[in-house]
Amino acid sequence: MPIEVTAPTPRPMLVVVLADTSGSMAVDGKITVLNDAVSRMVDAFKQLQVPGCELIISAISFGGTAALHLSPTAVGDVQWAPLTAGGATPMGAAFELAKQLLEDASIVPERSHRPNLVLVSDGIPTDQWEQPLKDLDATEQARRALRFAVGIGADARQDVLKRFAGDEGEVVPVEAVEMLTEFFRYVTYAVTTAAQRPVRTQADLPTFVDYPSSEDLEF
3 MPIEVTAPTP RPMLVVVLAD TSGSMAVDGK ITVLNDAVSR MVDAFKQLQV PGCELIISAI
63 SFGGTAALHL SPTAVGDVQW APLTAGGATP MGAAFELAKQ LLEDASIVPE RSHRPNLVLV
123 SDGIPTDQWE QPLKDLDATE QARRALRFAV GIGADARQDV LKRFAGDEGE VVPVEAVEML
183 TEFFRYVTYA VTTAAQRPVR TQADLPTFVD YPSSEDLEF
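Convert by adding 2 to the 1-based position in the sequence shown; the result is the number in this note's numbering.
Calculated from the structure, these hints are not laboratory results.
Predicted model, so just to flag it, every value in this text is computed and none were measured.
A couple of the hints might just be wrong.
[Stated by the list, open to error] The list that follows gives simulated cross-link-like pairs (lysine to any residue, SDA-like), each with its CA atoms no further than 25 Å apart: (1) LYS164 / GLU105; (2) LYS101 / VAL29; (3) LYS101 / ALA83; (4) LYS32 / LEU219; (5) LYS136 / ARG159; (6) LYS32 / ASP157; (7) LYS164 / ALA178.
[What the hints assert, rightly or not] Label-pair ranges, simulated between beta-carbon atoms: (8) VAL52 / GLY89: 31 to 39 Å; (9) ASP139 / ALA107: 13 to 21 Å; (10) PRO214 / GLY25: 31 to 39 Å; (11) ASP212 / GLY66: 36 to 44 Å; (12) ASP30 / GLU112: 37 to 45 Å; (13) ALA140 / ARG202: 19 to 27 Å; (14) GLU177 / PRO200: 31 to 39 Å; (15) GLY25 / GLU177: 32 to 40 Å; (16) LEU50 / ALA83: 16 to 24 Å; (17) ARG13 / ARG145: 17 to 25 Å; (18) GLN102 / GLU180: 29 to 37 Å.
Heads up, the beta-carbon is just placed ideally off N, CA and C, and yes, glycines get one too.
When you get a sec, could you build the whole thing from the sequences and use the hints?
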């Protein structure tokens, strides 16, 4: 009688986009470029074939209120619904939602790949953000997470983004909104690299400045 071999269950890798959707994101087409860049990233991830790895995508929007815009979903099933801009910038509430996701063992089990946190903002938090960020940082999975942050324009609080990114995370300030696309191309490259080979710390990955942007990556 032949022996049945069961393929191991793929290890999930969570990617959470924390997207500023405050009213200022409607200026200069920022929200339109953000939607296009995230959609491109999702499409690129759908082409990724890494045995034993299942990418899970989620998105938290914070504009007026913080909300789970996209529940954790296997990348092959993601249909990106455009974000809309309006309201204030409750970044602290977004950190609280991210903490809830990372503490859910059904979403990020112990055997999962490092999760990825991607923060996009063009302004100043309008709620209490420091304690929620400390609470997020205290979770085991957040300590493992690869972190990427982009600040759009002169009003973005680079100090807040650096606190979010930590000592090893990547913070990319951009003046031109079109650079958002290049930022998400970099995030796509970094996440793809981490899925394909062991990454002990984020320092093992190239930075935004020195990653091989000319490499053949459909984006």
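Task: Pair hint outcome, LYS136 versus ARG159 [Cα-Cα no greater than 25 Å] - done: Holds, at about 17 Å.
Task: C-beta pair GLN102, GLU180: status relative to the range 29 to 37 Å that was hinted - done: Given about 33 Å between the Cβ atoms, the range holds.
Task: Range agreement (Cβ of ALA83 with Cβ of LEU50, hint 16 to 24 Å) - done: holds (22 Å)
TODO: Starting from the hint 13 to 21 Å, judge whether the C-beta atoms of ASP139 and ALA107 obey it.
DONE: Holds - the Cβ-Cβ distance for ASP139 and ALA107, about 19 Å, lies within 13 to 21 Å.
Task: GLY25 and PRO214 - C-beta distance against the hinted 31 to 39 Å - done: Given a distance of about 37 Å, which is inside 31 to 39 Å, the answer is holds.
Open item on the list: Between the beta carbons of ALA140 and ARG202, is the distance compatible with 19 to 27 Å?
Closed with: Because 21 Å falls inside the window, the suggested range holds.
Task: Consistency of beta-carbon spacing, GLY89 to VAL52, with hint 31 to 39 Å - done: holds (38 Å)
Open item on the list: Holds or violated: LYS32 and ASP157, Cα atoms, limit 25 Å.
Closed with: Since the Cα atoms of LYS32 and ASP157 sit roughly 13 Å apart, the hinted pair holds (cutoff 25 Å).
TODO: Take a quick look at whether LYS164 and ALA178 sit within 25 Å of each other, Cα to Cα.
DONE: Given that 25 Å is the threshold and the Cα spacing comes to 20 Å, the pair holds.
- [ ] Using the Cβ atoms, figure out if GLY25 sits within 32 to 40 Å of GLU177.
- [x] violated (20 Å)
- [ ] Return holds or violated for the Cβ distance of GLU177 and PRO200 against the range 31 to 39 Å.
- [x] holds (35 Å)
Task: Agreement of LYS101 and ALA83 with the hint, judged by alpha carbon distance not exceeding 25 Å - done: Holds: LYS101 and ALA83 sit about 23 Å apart, inside 25 Å.
Of the numbered hints listed earlier, those contradicted by the structure are 2, 15.
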